[in-house]
Amino acid sequence: MNVALFVTCLADHYFADAAADTVRLLRHLGCTVSFPEAQTCCGQPAYNAGRQGEALRMARHTIGVFEDADAVVVPSGSCATMVKKFYPRLTGGTATLADRTFELGEFIVHRLGVTELGDGLAGRRIAIHQGCHALRELRLESEPATLLEGCGAEIVPWEAHDECCGFGGLFSVKMTAVSAAMADRKLDTLPEIDWVVSGDGGCVLQLDGRSRAREMGVEFVHLATALWRGAAAPGGAR
Amino acid sequence: MPTGIRDYPARAREIIRKDPLVRESVTGATIAFDEKRRRSYAEIDAEAWRRWAEGVKNHTLTHLDRYLTEAEARLEANGAEVHWAEDAAEAREIVMELAQRHSVRDVVKGKSMLTEEIDLNPALERARIDVLETDLGEFILQLFNEPPSHILGPAIHKSLQQVRNLFTEVLRTDSDADPDTLAQAAREALSDVFIRADMGITGANFLVAETGTVALIENEGNIRLATSLPRVHVAIVGIEKLLPRMTDLAGFLQLTARAATGQPIGCFVSLIQGPALHPEDDGPEEVHVILVDNGRTDVLAHEHAWEALRCLRCGACLNVCPVYRQTGGHAYGYVYSGPIGSVLDPGLLGLHEAMPLPFASSLCGACFDACPVRIPIPELLLEWRREAQEAGLTPWKERAALAGLAGMATRPGLYRAAGKLGSRLAGTGMARSLPMLGAWAEDRALPKPSRRTFRELWRAGIE
Amino acid sequence: MTGRERILARVARATAGREGLPHPGPLDVPPADDPAAAFVKRFTSSGGEVVEPDPGRPAGAWLTAFLEGLDPAVAGVAIGPEVPPERRPRLPEVAAAHAGAGVSAAWGAAADSGSLILPSTGGRAVQLLPPVHVVWVPEGRVFARLEDALAELRKLDEDLPAAVGLHSGPSKSADIGQTVVTGVHGPGRCIAVMG
Ligand code: SF4
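As they're listed, the protein sequences go chains A, S and Y. In terms of this note's numbering, the first sequence opens at residue 263 and continues consecutively. In terms of this note's numbering, the second sequence opens at residue 18 and continues consecutively. In terms of this note's numbering, the third sequence opens at residue 429 and continues consecutively.
For the record, the hints were derived by calculation from the structure and aren't laboratory data. Note that beta-carbon positions come from the ideal geometry of N, C-alpha and C, so glycine has one too. Treat the hints loosely; a few may be bogus.
[To be verified] Computed from the model, here is a short list of chain S residues facing chain A with C-beta under 10 Å:
1. 59
2. 72
3. 381
[Stated by the list, open to error] Pairwise CB distance ranges, derived in the manner of DEER restraints:
4. S:130 x Y:583: 29 to 35 Å
5. Y:523 x S:162: 31 to 37 Å
6. A:299 x Y:451: 51 to 57 Å
7. S:104 x Y:518: 46 to 52 Å
8. A:373 x S:52: 45 to 51 Å
9. Y:518 x S:197: 54 to 60 Å
10. S:185 x Y:496: 22 to 28 Å
11. Y:449 x S:163: 16 to 22 Å
12. Y:496 x S:295: 47 to 53 Å
13. S:110 x A:358: 37 to 43 Å
14. S:320 x Y:583: 26 to 32 Å
15. S:477 x A:264: 35 to 41 Å
16. Y:469 x S:163: 36 to 42 Å
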């Protein structure tokens, strides 16, 4: 299958390795991956700030960039939501890109029909941070756990797993004290684990930033990297 | 009425930093409420109930003038008196006039957010009328001299110990009294007030047009008492509270309770059609219903925000809200706090007055999933943000930055160069002097940029 | 123009351009098969109590013994005007504010919400002031759904009581440190007598 990667700004600059792992994983699963170089930002920062005009300009740009792609994979639940849910609102429902775009976990489970990647995560205890957009806009709830367990990981229950980390883009800098307190609620309820895995770079920036400020030493791993590691061991599909 | 909304970010910070007990109490209480709500929703076909409730409210709100006049006619036929108040001042005047007419000296109140909204108690007190809040939570706050922090559990920001200390001081209970003993002390302090009072003042959860029924939900029994024993009952009702039919109440009474506290229904519901009829032994001689606008018709006229008028004031959106949980309601500076406050206040008060509440959300969407009448709170927040941007109510630096982002994002070459520069700068000590990153770095370590961008990795070839 | 007219005019203007949406009709949840049993389950899980009178004894005598057997034993009662003579306890009648128990008769009950439906004609003080409230629920008056009960009430039309109370358990509050306490203002015990 031909897939185009929409890397997103944060992954491009802060999670480049996770983005590269996305490419590796998709190739490993038999996809031919392209990377349209004219891609930029999905426009969510403007959209969430109420700058709909600018968001629409960025949406049009992105829609143009991926015009010919059969399937677009996004290693971010939040940016995938922007394309799948908010582009149709902005463009008045004309964005067919929405139907061709998939969040990474969603793509693997539902489009490729794969849930067993390997056993490279055997013995690893993982808590999953469910990003709000993937969870409540795209209704992707079980996918990360299915895939990680499919790699042999043990998913450790976390009472705050589905609570917002407090990132929210502009929110994190406008309401910084509240935002940090929200991250604390997540961090303070973390069970004994090896990694926190999240499919969203933004949430990781927030939680990791707060965890490092408090010198908590929690290890955050992007879903793409975790899955690539999971697929890496012998016996897997790799 | 001047509000403290403008200072939301500063007050939120202060509560979080200086009064950590508030965060602890509010988080604990709201999580407990929310768990009950979830369990209770799971017992019914919650999606079907929510869609039904949304439908009934939408129908009512799009035929509101008809139902208002129908309710009025029915109430009058039942012997109640109906008053109309365009704003808070008028509503207060009507109550004051009624109090004078009946030489009222003692008022007992049931919990009502609308009476907070119209600032009723201070007006009564200025006229030397004794006003007693009889809901236990409101009674506690009246002693603390604080406004409610939550539309349903007004005192959830107070810990048991704080209530203990207060009661020891005021009601002379033991310093280690358990909640039962404290409640008993409150009950004694309030024991004969219902018999003594000349007037009971309540809000209303619903007003049924076809029967003129004022419906009130509660758990303690104080509202039933306040509407049964004093000579005069005054119900202060927002014009959005209408329901068409008596049978509609069945769904709404149960859904409200499930959303609010996870109960199948409130322990007590009062359905009041009018004053006592002969040959009843007791009950009020007069029932007055004050229909209050106070900004509601402005909300109704708004293309999108009118949907917020479906609100049942159940508090479910507050309970599930991770933003609200950090501070409780006082940070918001107005009676309606949390998610619903952030979309309702701009409509009631004017957007300018309600800034920056539409931005006090990470848009996590949990509120919509909890809301029994499916108010699209995240979408309404975005709508208010859009209007705030258009009206120039946001900082110009922020607007410039976002315009810059859009400018670059539609020019890939420029975007690449600027992006690289930006993330490199963000990783250096210079970041703290950049406007937004400076704020970020107050509470968090700066993000670490990747050694090479993905674009660079891609060009070099990914193995 | 009066304030009333101005408000109504604003409402009309606000909704003028908006499509009038239809009422979705009844909620229509599936009714319980055995309403009486469903009521008992719901009412007791909300903290209410249910008793059945001893069929071998006259109702009034049974209730007298029942009230005397409560802890604390009831000495004086307040009795609602709608309680039929044969169902009245033989105990001294006192004002509701001083009674150990209030005895009233329900108009009916609703199974799905677990509610006793109490008309104001049954005496409000009796239903609210004493610490224990004992309610006769007439046979065959348990509606499967609150919706059905309200539809029935609605039919009374002009004869609707001035007020109707739904009591679905004892008075309670969680306002102090989130701990549930009972009997805050209204009755701390609410006992339905079935039959
Ligand atoms: S907005 Fe919805 S959830 Fe929030 S208080 Fe109103 S009805 Fe309840």
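Right, here's what the structure says about each hint:
no., hint, in the structure
1, 59, "violated, 15 Å"
2, 72, "violated, 22 Å"
3, 381, "holds, 4 Å"
4, S:130 x Y:583: 29 to 35 Å, "holds, 34 Å"
5, Y:523 x S:162: 31 to 37 Å, "holds, 35 Å"
6, A:299 x Y:451: 51 to 57 Å, "holds, 55 Å"
7, S:104 x Y:518: 46 to 52 Å, "violated, 58 Å"
8, A:373 x S:52: 45 to 51 Å, "violated, 35 Å"
9, Y:518 x S:197: 54 to 60 Å, "violated, 33 Å"
10, S:185 x Y:496: 22 to 28 Å, "violated, 38 Å"
11, Y:449 x S:163: 16 to 22 Å, "violated, 40 Å"
12, Y:496 x S:295: 47 to 53 Å, "violated, 35 Å"
13, S:110 x A:358: 37 to 43 Å, "violated, 59 Å"
14, S:320 x Y:583: 26 to 32 Å, "violated, 41 Å"
15, S:477 x A:264: 35 to 41 Å, "violated, 22 Å"
16, Y:469 x S:163: 36 to 42 Å, "holds, 40 Å"
In this structure, the hints that do not hold are numbers 1, 2, 7, 8, 9, 10, 11, 12, 13, 14, 15, in rising order.
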